[in-house]
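Numbering of the sequence shown is given in my numbering, commencing with residue 170 and proceeding in unit increments.
Derived from the structure by calculation, the hints contain no laboratory data. Virtual Cβ for every residue (Gly too), placed ideally from N, Cα, C. Be a bit skeptical, because a hint or two may be false.
[What the hints assert, rightly or not] Cut-off 20 Å, straight-line C-alpha distance, at most; resulting in silico cross-link-like pairs (EDC-like, lysine to aspartate or glutamate):
(1) 263 <-> 225
(2) 383 <-> 225
(3) 383 <-> 323
(4) 228 <-> 323
(5) 235 <-> 417
(6) 235 <-> 225
[Unchecked claim] So the derived label-pair ranges between C-beta atoms look like this:
(7) 188 <-> 390: 16 to 22 Å
(8) 383 <-> 334: 32 to 38 Å
(9) 417 <-> 320: 26 to 32 Å
(10) 331 <-> 361: 27 to 33 Å
(11) 209 <-> 326: 39 to 45 Å
(12) 339 <-> 196: 41 to 47 Å
(13) 177 <-> 230: 21 to 27 Å
(14) 232 <-> 469: 25 to 31 Å
(15) 198 <-> 351: 34 to 40 Å
(16) 224 <-> 387: 36 to 42 Å
(17) 224 <-> 389: 40 to 46 Å
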Amino acid sequence: MIKKISTICNKYFALLVIIIAIIALMRPNTFLWVVPRVSLLLGIIMFGMGMTLKKEDFKEVFTRPKDVLVGIIAHYIIMPAVAYALCVFLKLPKDIAIGVILVGCCPSGTASNVMCFIAKGDLALSVCISSISTILAPIFTPALILLLAGKWVDIPAAALFVDISKIVILPIVLGVVFNKVAGKTASRVVNVLPIVSVIAIVLIVGGVVGANSKKLITTAAIAIGAVVLHNLFGFLFGYLAAKAMKMDYAKRKAVSFEVGMQNSALGVSLAMNFFSPVSAIPAAIFSVWHNISGPTLASYWASKFKKVDK
Numbered sequence: 170m171i172k173k174i175s176t177i178c179n180k181y182f183a184l185l186v187i188i189i190a191i192i193a194l195m196r197p198n199t200f201l202w203v204v205p206r207v208s209l210l211l212g213i214i215m216f217g218m219g220m221t222l223k224k225e226d227f228k229e230v231f232t233r234p235k236d237v238l239v240g241i242i243a244h245y246i247i248m249p250a251v252a253y254a255l256c257v258f259l260k261l262p263k264d265i266a267i268g269v270i271l272v273g274c275c276p277s278g279t280a281s282n283v284m285c286f287i288a289k290g291d292l293a294l295s296v297c298i299s300s301i302s303t304i305l306a307p308i309f310t311p312a313l314i315l316l317l318a319g320k321w322v323d324i325p326a327a328a329l330f331v332d333i334s335k336i337v338i339l340p341i342v343l344g345v346v347f348n349k350v351a352g353k354t355a356s357r358v359v360n361v362l363p364i365v366s367v368i369a370i371v372l373i374v375g376g377v378v379g380a381n382s383k384k385l386i387t388t389a390a391i392a393i394g395a396v397v398l399h400n401l402f403g404f405l406f407g408y409l410a411a412k413a414m415k416m417d418y419a420k421r422k423a424v425s426f427e428v429g430m431q432n433s434a435l436g437v438s439l440a441m442n443f444f445s446p447v448s449a450i451p452a453a454i455f456s457v458w459h460n461i462s463g464p465t466l467a468s469y470w471a472s473k474f475k476k477v478d479k
């Protein structure tokens with residue numbers, strides 16, 4: 170029963186987010202209670218990620234260090250650089266620009282692993298890159314935000330480091346420990362995690378939309394355009410970077426997803442904690458969009474795989 174519900178949640182995730190966003194836009198007060206709890210919800214998601222991590226997820230670092238390094242470097246160079254370029258080229262308003270850069274400087278999103286699996290990409294490489302990019306986030310994310318967004322606003326880099334450590338690294342560590350000591354209980358909890366993660370992200374999006382309902386009307390179009398371009402350029406340049414390093418087709422697909430898909434929930438949390446609520450809008454839109462573009466690209470690659478297989 171739980172697996173069926175989990176499958177339905179994953180299948181209709183983007184639709185659920187859109188429905189909640191519309192409700193929040195029409196009735197903003199419905200989800201305002203979520204705003205002060207965004208970090209808690211993200212911590213729950215990261216706790217779940219920690220519960221699913223295994224030693225095997227990191228063995229690629231030692232068996233294929235070049236591939237992992239290419240993915241990490243591509244992720245933390247391409248997405249921040251594209252974010253900054255879009256902000257300058259599109260002349261984005263300050264708060265939206267900060268939000269786009271926040272998303273660009275975040276680690277890979279966990280959904281990238283699912284997309285890589287569907288696309289018949291190198292799943293082991295995908296899991297390793299997303300795990301390590303997340304662990305490195307307390308260092309790379311504040312440093313990159315300071316470098317790229319400093320022209321718009323003062324960046325509290327030290328506070329960002331502490332906040333990311335608390336809402337990302339600490340829950341992951343607790344999840345790993347719980348998985349070790351809880352035994353069968355942990356395995357039952359793991360089955361519920363996809364549902365919990367979907368609910369958490371949907372609530373976060375509802376909170377962001379509710380808090381910014383009045384400003385969304387004037388900023389939505391430019392923010393959506395920037396987010397769509399950001400994501401698509403991430404997929405494209407990630408793939409091209411892997412190809413330039415002579416990685417095979419399965420690895421290219423893995424790197425493409427790891428670069429193009431972000432932990433946008435972290436972007437929302439950082440925006441709400443340190444910047445204007447409007448800065449959370451790009452991350453909220455990214456949460457919806459990359460769960461449309463990701464499955465679309467994954468399905469395309471999967472269909473190509475079937476044709477080759479035949």
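Cross-check of the supplied hints:
1. Restraint check for residue 263 and residue 225: not satisfied, since their Cα atoms lie roughly 43 Å apart, outside the 20 Å limit.
2. A C-alpha spacing of about 47 Å is found between residue 383 and residue 225, which places the hinted pair above 20 Å, so the restraint is violated.
3. With a C-alpha separation of about 26 Å, the suggested pairing of residue 383 with residue 323 is violated against the 20 Å cut-off.
4. About 39 Å separates the Cα atoms of residue 228 and residue 323, which puts this hinted pair outside 20 Å; it is violated.
5. Between the alpha carbons of residue 235 and residue 417 the distance comes to roughly 13 Å, so the proposed pair stays at or under 20 Å and holds.
6. Only pairs whose Cα atoms come within 20 Å are accepted, and residue 235 paired with residue 225 is accepted, the gap being roughly 17 Å.
7. For the pair residue 188 and residue 390, the supplied restraint of 16 to 22 Å holds, since their beta-carbon distance comes to about 21 Å.
8. Checking the proposed 32 to 38 Å range against residue 383 and residue 334 shows it holds: the Cβ atoms sit about 34 Å from each other.
9. Residue 417 and residue 320 have their C-beta atoms about 40 Å apart, which leaves the hinted 26 to 32 Å range violated.
10. Taking the beta carbon of each, residue 331 and residue 361 are about 30 Å apart, inside 27 to 33 Å as hinted.
11. Here the CB-CB span from residue 209 to residue 326 is close to 23 Å, at odds with the stated 39 to 45 Å.
12. The hinted window of 41 to 47 Å between residue 339 and residue 196 is violated, with their beta carbons roughly 34 Å apart.
13. For residue 177 paired with residue 230, a C-beta distance near 35 Å fails the hint of 21 to 27 Å.
14. Between residue 232 and residue 469 the C-beta distance comes to about 29 Å, which sits within the given range of 25 to 31 Å.
15. The hinted range of 34 to 40 Å is satisfied by residue 198 and residue 351, whose Cβ atoms lie roughly 38 Å apart.
16. Residue 224 and residue 387 have their C-beta atoms about 49 Å apart, which leaves the hinted 36 to 42 Å range violated.
17. Checking the proposed 40 to 46 Å range against residue 224 and residue 389 shows it holds: the Cβ atoms sit about 44 Å from each other.
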